[in-house]
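Q: From just these sequences and the hints, can you work out the full model?
Spelled out, the chains give:
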Amino acid sequence: MSAGSEDLVSPSVADLRTRFAGGVRRVLVSCGDTIVYLDPARAHEILAWLKDDPSQQFDYLTDLTAVEYRDAERPLEVVWQLRSLSRRQDLRVKVELAKDAPLVVDSVYDLWKGADWLEREVFDMFGVTFRGHPDLRRILMWETYREGFPLRKNFPLRGHFSRAEQTRQALAANPEAHYSLEELSIAAAFAELPDDMKDRLARGQRGEVA
Amino acid sequence: MSTRTIEVGLRTPGLDASGAVTLEPLGVRLPEHTPVQDDLGGEHMLVNIGPQHPATHGVLRLVVELDGETVVRVVPHIGYLHSGFEKLGEYRHYNQIIPLTDRTDYLSPMANNVCLALAAEKLMGIEITERCTVLRVIACEISRIISHLVWLGTTGIDLGAFTPFLWLFQQRERLYDLQEAWTGARLTTSMTRVGGLMADIPDGFEQGLRDFCRTFPKTLDEVDSMFTRNAIWCGRTQGVGVISGPDAINYSLSGPMLRASGVDYDVRKDRPYLGYETYEFDVPVGEHGDIYDRYRVRLEEMYQSNRILEQALDRLAGLKGAPINASDPRVILPPKHRAMSDMEAMIFHFKQVMEGVKAPVGEAYLGVENPKGELGYYFVSDGTAKPVRWRVRPPSFINLACLPKLCEGVLLSDVIAINASIDIVMGEIDR
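Those protein sequences? They're chains A and B, same order as listed. Residue numbers 1 to 210, in the working numbering, belong to the letters of the first sequence in order. Residue numbers 1001 to 1431, in the working numbering, belong to the letters of the second sequence in order.
Treat the hints with caution; some may be incorrect.
As the list claims (entries may be wrong) - For lysine-lysine, the following BS3-like pairs were computed, each having C-alpha atoms within a straight-line distance of at most 27 Å: (1) B/Lys-1269 - A/Lys-113; (2) B/Lys-1386 - A/Lys-153; (3) A/Lys-94 - B/Lys-1358; (4) A/Lys-99 - B/Lys-1087.
Think of the hints as simulated: they come from the structure by calculation, not from any bench. What you are looking at is a predicted structure, and each value in this text was computed from that prediction instead of being measured.
A: As structure tokens, then:
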């Protein structure tokens, strides 16, 4: 990874540097793609500008993900792959989140609706909280999953729990626990359920296995 | 006890004096605003569809809130097929990830294999040979046809048309025979390697594919004549599950879902890879963004893929005997007889098998136009033989995320049609 010769860098970088002097931390070029590191506190403001400014028009969020390096000292990165469909331009934007502080970054759901499930996936897999997301809950793992965040480097490939423990929990799990609170509120019938079912559901909501 | 109205939107296409297509109400149409007694007393009902339900195309679970038969809200639940592929990829060499890609979008495994090889080659800066490029194009387009055939057949079944399913699966079987002859597998193809291919095409493959290309459009024409102006098909699909162009962009839709809404973006045209810019083909674009337009886009894409296959076969004829692998001993295994007789070849063989191919420090994102949409692989490397992060940009995951929006206010039976029109494959959504 190199600082890159200036002709390879996306023209958006110069605009970003003049407009958000302190917001751009550094710029890299890797395999022909421009990567811009932003100040996490100003990321949302700068992403909104990139989306709406007539000179940028990054109207398409190609992907949103996170990267954690094997080097434990390196911060975790949240990555937005932006694309301008009209200008046929791509830009990769990143913020670095120090691992000793809470992993929090502003949600971009208000800019791109497509960020909804992508942010939920990053939350599910890395434990990054997206401030302002309307429905931030696990998406691929079940809501009562307690082993941690699977794509973090401190998560062993086979999980924290032993196979025997996983099997025991799976057998002891209450299928109704998978009906989340939200669905029960849709049903508006929770109050009418028999007491024993209410009791089992209530245990399931806490995700605690007997 | 409240009352509400059901509007039945069955229409059939006709022609006006100038020859333009018009939509006439079908004879069975109910009088408008027929009051229907609501025996639920206005209470909403919660219906659970799936995860084991044939119309959800895999293990998708939908929780649908209904007001009578009208959908108020849809909450999709996914993850039943989660296998942690991205995590597994961090523990494997680049070539060892290829079998994982077979199992993500298992309706187009060859296209996934190609994307992975291209992304790794972009990261490592490897040039591939011309014959390899043409063969990969053939693999991608075969995958596109197979995937669209499955989509059209199963969607037809979801909407009550059984016969075209059999016609389409017959054609799919012909392609699967070719794919099996080439890769040895119907599904787990693993046919690319970083820098080349697992194997060259076998004898008779070219002739078989030529025969397919010649006769396949006839089946498409038959299906076209069964569906495109069919009153029931039009009634179930036209104006259902509509998403506008700007919304489709905002929801990050890709592939036929994006193009059916009138957005002209195809990775093959706009970010060409594998020399797609040198092939002659058209990109169909819809205008209404409904299920019908998605059907028309996918149908036309099959004709266009057939065109690309014919051109690729012509090019292949001029590349007989050309190498399929890059001449780069760092990434390509030497032939076995050389590894057993030549010291240098044996060292390269040993290092590749034991240590894997080391990628330089850096990162690369490469997106390709898969049948379902834009599939992107994002590699981050710290200089070792295993990636720090292997991210899949899953097209059907992102397309499915807009299902709740598409299903606002439709009838319950339309949820099945809309879900089918997205063309999801759960292996890729859950990964």
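Q: For every hint, state whether the structure bears it out.
A: Quick rundown of the hints versus the structure:
1. Among the hinted pairs, B/Lys-1269 with A/Lys-113 is consistent with the structure: their alpha-carbon atoms are about 26 Å apart, no more than 27 Å.
2. For the hint linking B/Lys-1386 to A/Lys-153, the alpha-carbon distance of about 14 Å falls within 27 Å, and the restraint holds.
3. Restraint check: the Cα-Cα separation between A/Lys-94 and B/Lys-1358 comes to about 25 Å, which is no more than 27 Å; the hinted pair holds.
4. Only pairs whose Cα atoms come within 27 Å are accepted, and A/Lys-99 paired with B/Lys-1087 is accepted, the gap being roughly 19 Å.
The structure shown violates none of the earlier numbered hints.
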